[in-house]
Amino acid sequence: MAEKSKDKVPRQKMPEQKPEVRRRNFEEVPLGFSEEMAVLEASRCIQCKKPTCVEGCPVSVDIPGFIRLIKEGEFTKSIRHIWEKNSLPAVCGRVCPQEIQCEGNCILGKKGQPVAIGSLERFVADRERNHGTGELPPRAAPTGKRVAVVGSGPSGLTVAGDLILKGHDVTIFEAFHKPGGVLVYGIPEFRLPKEIVYSEVNFLERQGVKLECNVVVGRTVSADELFEEGYDAVYIGVGAGLPSFLKIPGENLIGVYSANEYLTRANLMKAYLFPEYDTPIAIGKDVAVFGAGNVAMDAARTAMRLGADRVRIVYRRSRDEMPARSEEIHHAEEEGIEFHLLTAPTRFLGDDSGRVVGMECLEMELGEPDASGRRRPVAKEGSKFKMDCDLAVIAVGAGANPLMTRNTEGLELNKWGYIVADPETGKTTKPAVWAGGDIVTGQATVILAMGAGRMASDSIHQYLTWGW
Amino acid sequence: MFEILRRQEMANGTVVMNEISAPKIAAKAKPGQFVILKANETGERIPLTMANTDPKRGTITIIYQVVGKSTSLFKSLKVGETFQDVIGPLGQPTHLEKLGKVACVGGGTGVAVLHPITKGLKEVGNHVYAIIGSRTKDLLIMEDEMKAASHDLKVCTDDGSYGHHGFVTDVLKELLEKEDIKLVVGIGPVPMMKFLCKLTKEYGVKTLVSLNAIMVDGTGMCGCCRVTIGGETKFACVDGPEFDGHSVDFEELAQRLESYKEEEKRALENYMNECNAG
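If you're matching them up, the sequences are chains E and H in order. Per my numbering, the first sequence runs over residues 1 to 468. Per my numbering, the second sequence runs over residues 1 to 278.
Source of the hints: derived by calculation from the structure; they are not laboratory data. Treat the hints with caution; some may be incorrect.
From the derived model, a few chain E residues whose C-beta atoms are all more than 12 Å from chain H [as the list claims (entries may be wrong)]:
#: 1; residue: E16
#: 2; residue: P138
#: 3; residue: A140
#: 4; residue: P243
#: 5; residue: A259
#: 6; residue: D352
#: 7; residue: P402
#: 8; residue: E409
Okay, derived cross-link-like pairs now, DSSO-like style, lysine-lysine, Cα gap no bigger than 30 Å in a straight line [to be verified]:
#: 9; chain 1: H; residue 1: K24; chain 2: E; residue 2: K210
#: 10; chain 1: H; residue 1: K75; chain 2: E; residue 2: K285
#: 11; chain 1: H; residue 1: K30; chain 2: H; residue 2: K182
#: 12; chain 1: H; residue 1: K147; chain 2: H; residue 2: K178
#: 13; chain 1: E; residue 1: K427; chain 2: E; residue 2: K166
#: 14; chain 1: H; residue 1: K201; chain 2: H; residue 2: K28
#: 15; chain 1: E; residue 1: K85; chain 2: E; residue 2: K49
#: 16; chain 1: E; residue 1: K178; chain 2: H; residue 2: K119
#: 17; chain 1: H; residue 1: K28; chain 2: E; residue 2: K430
#: 18; chain 1: H; residue 1: K137; chain 2: H; residue 2: K178
#: 19; chain 1: E; residue 1: K210; chain 2: H; residue 2: K101
#: 20; chain 1: H; residue 1: K194; chain 2: E; residue 2: K178
#: 21; chain 1: H; residue 1: K101; chain 2: H; residue 2: K78
#: 22; chain 1: H; residue 1: K198; chain 2: H; residue 2: K178
#: 23; chain 1: H; residue 1: K182; chain 2: E; residue 2: K178
#: 24; chain 1: H; residue 1: K194; chain 2: H; residue 2: K178
#: 25; chain 1: E; residue 1: K384; chain 2: E; residue 2: K247
#: 26; chain 1: E; residue 1: K49; chain 2: E; residue 2: K111
#: 27; chain 1: H; residue 1: K56; chain 2: E; residue 2: K178
#: 28; chain 1: H; residue 1: K78; chain 2: E; residue 2: K178
#: 29; chain 1: E; residue 1: K270; chain 2: H; residue 2: K178
#: 30; chain 1: H; residue 1: K28; chain 2: E; residue 2: K247
#: 31; chain 1: H; residue 1: K28; chain 2: E; residue 2: K178
#: 32; chain 1: H; residue 1: K201; chain 2: E; residue 2: K427
#: 33; chain 1: H; residue 1: K56; chain 2: E; residue 2: K210
#: 34; chain 1: E; residue 1: K270; chain 2: H; residue 2: K24
#: 35; chain 1: E; residue 1: K247; chain 2: H; residue 2: K147
#: 36; chain 1: E; residue 1: K110; chain 2: E; residue 2: K49
#: 37; chain 1: H; residue 1: K173; chain 2: E; residue 2: K178
#: 38; chain 1: E; residue 1: K430; chain 2: H; residue 2: K194
#: 39; chain 1: E; residue 1: K210; chain 2: E; residue 2: K247
#: 40; chain 1: E; residue 1: K247; chain 2: H; residue 2: K122
All of these numbers come straight from a predicted model, not from anything done at the bench. Glycine included, every Cβ here is placed at the ideal spot set by N, Cα and C.
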């Protein structure tokens, strides 16, 4: 009987800003669960004995455990339970691809809708931030060991959060003037309010993590100098951070941006508030965004919010191959972003002052599968055509930024410039140096970087405790 | 926080020198490298090549022309006040080697950037000819410093109010005719560098220029500062800021420097109104 009544509760849908309103503002799109909705949604979890959702989580959060506590109204206990495995729940609840991780594995999803695990995680994290007691998790006695974490993105923050609880002395070095890495320069305000990132960082600082911004490791200080200064271990989590371009003529015209530049101006530098903030950004009326991953969706939706009349995603494959999360594609479509598929640009066209005014494109069709297993786009003969645009954003991925790696001796890199690290421990070829996240795997997700950080922090803790 | 320890106005207040406390950067910086500065919370990140560094005092010196809102804001900072953020040292240092006779040519505020390179080239044993110029006498900067940093200094003004009447390229041409110059370093406004490179190309003399592209992060992450060098795209922040002048696409650089012309105008007008109202 009990089973039956659970079936009757539908998956709670988080209220959202309406598309026609949100497409012109930078406020967050989903508005969060109320307490009643959260408790109701939590009641849908059938508390599996062998929870497959946990297997789908890169940091192994005890999902049925924290959901049961929500159902019982024990919100503080619930967040503390999550913290044991995940120091950034407010972030993960928002940006994790739950549909291919925890929720993708949820047993309820086999016949109906999976439990809204991401929304519940977000709910308890937000509740703690807004109404919590501020009580910190318990910390082990100081070990006297010092750890330097290079980069304050998701993997670096995870390492710092784990190791501070184990009693080590942790300092994070960040090259930008603000902490958070891709969480602040890349992911837009309307998907992840920056205040949440700073609050998560502040939570680490309250636990004793030291943060030094404006330090470019590899320039301001080298990894070897960190050891000379007395650090016992170094974790490198500097991200990918080298923009890929299309390498076609006209790419240096004014108005052609890398997604990194476009999003960094808009997010980190708050160019959407220009001239209240000093950093400018080009306001396109007819915008083309190249690529179809999450970053492309972020750029397209940012352009719409900055006042574009028309924003087009231009992608050389078809809808099935688009790498973005389905939720991001859905949100983009609701906001009026157009999808121009099976289209590849071959050159940008400019006016006399060097500003982009359009591009030449080819129509594509899908041929045989390529090395990635996806069907290779092939140009249709004689299909050349012109498209107008006054702003172009190139969001076709990122490579390994060599700034730190090439200034660090003894670090083995692979042929693409990524750091070679042990997949089980994150250990690099340089003694007492670990690495994880995009600088090891290439561009991936926030949660995978956090998973790599978790693995490395376990290994660093072992090393600092036992010397190996 | 990065405190201003010394401040001086030059060229009728159109150029400002700040000596800033930044011990970590001062300990590492080499001639040719730059820093990124941000005045306050709402500020823009501005790249400036260091004019001097003093590892003992733990300071770096920047010299900048006041052109827009951000540099006007920098100018408003007094001794004892701070820049919120200073990041560096960034970019590749100048490759300093003994070649024989070399010429260092600077125009406008470019002289500030040229100064440490001139000093460095002299220190490694070159015979250094320096040529500096400005539109008019009042706008000339760092004459004494450049005199000390070189073996032979010539000064030019466009209007003839001081030194040679004419452009730095005229004086350089005479020098190239007379002496076996192995390297020219030319730093100044884009048109000056462009004409200088055209001249030295005729004489087949290797020429280095320092490019002041617009940047955001300065660490190779955004690609805003891309420049075309010998037909290839490079990032001024990590591949430069110095490049072989004969390979630089100056037209493109000049155009890209105008990317935000309208926005810069608007920001400056707003700022001036605020200052007047305040």
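*Holds or violated: is the Cβ of A140 of chain E farther than 12 Å from all Cβ atoms of chain H?*
At about 31 Å from chain H, A140 of chain E clears the 12 Å cut-off, so the statement holds.
*asked:* Holds or violated: K56 of chain H and K178 of chain E, Cα atoms, limit 30 Å.
replied: Between K56 of chain H and K178 of chain E the Cα gap is close to 29 Å, so the pair holds against 30 Å.
*asked:* So if I understand the rule, the pair passes when the alpha-carbon distance is 30 Å or less; does K137 of chain H with K178 of chain H pass?
replied: holds, 27 Å
*Restraint check for K194 of chain H with K178 of chain H, where alpha carbons must lie at most 30 Å apart*: The given pair, whose Cα atoms are some 22 Å apart, holds under the 30 Å limit.
*Assess, step by step, whether the Cα of K28 of chain H is no farther than 30 Å from the Cα of K247 of chain E, and give holds or violated.*
At roughly 35 Å apart (the allowed maximum being 30 Å), K247 of chain E and K28 of chain H break the hint.
*CA of K30 of chain H to CA of K182 of chain H, is that 30 Å or under?*
holds, 22 Å
_30 Å Cα cutoff - pair K201 of chain H, K28 of chain H_ = The given pair, whose Cα atoms are some 34 Å apart, is violated under the 30 Å limit.
*Taking only the CA atoms, is the gap from K247 of chain E to K147 of chain H under or equal to 30 Å?*
violated, 45 Å
*Could you let me know if the closest chain H CB is still more than 12 Å away from the CB of D352 of chain E?*
The claim breaks: D352 of chain E does not keep its Cβ more than 12 Å from every Cβ of chain H (closest is about 10 Å).
*Does the no-contact call for P243 of chain E survive, Cβ to all of chain H over 12 Å?*
Since the minimum Cβ distance to chain H is about 4 Å, P243 of chain E lies within 12 Å and the statement is violated.
*asked:* Run the distance test for K384 of chain E versus K247 of chain E: straight-line Cα separation, threshold 30 Å.
replied: Within the cut-off at roughly 18 Å; holds.
*Non-interface claim for P402 of chain E versus chain H (Cβ beyond 12 Å)*: Since the minimum Cβ distance to chain H is about 7 Å, P402 of chain E lies within 12 Å and the statement is violated.
Hint violations for this structure: numbers 4, 5, 6, 7, 10, 14, 16, 19, 20, 21, 23, 29, 30, 32, 35, 37, 38, 39 and 40, all remaining hints satisfied.
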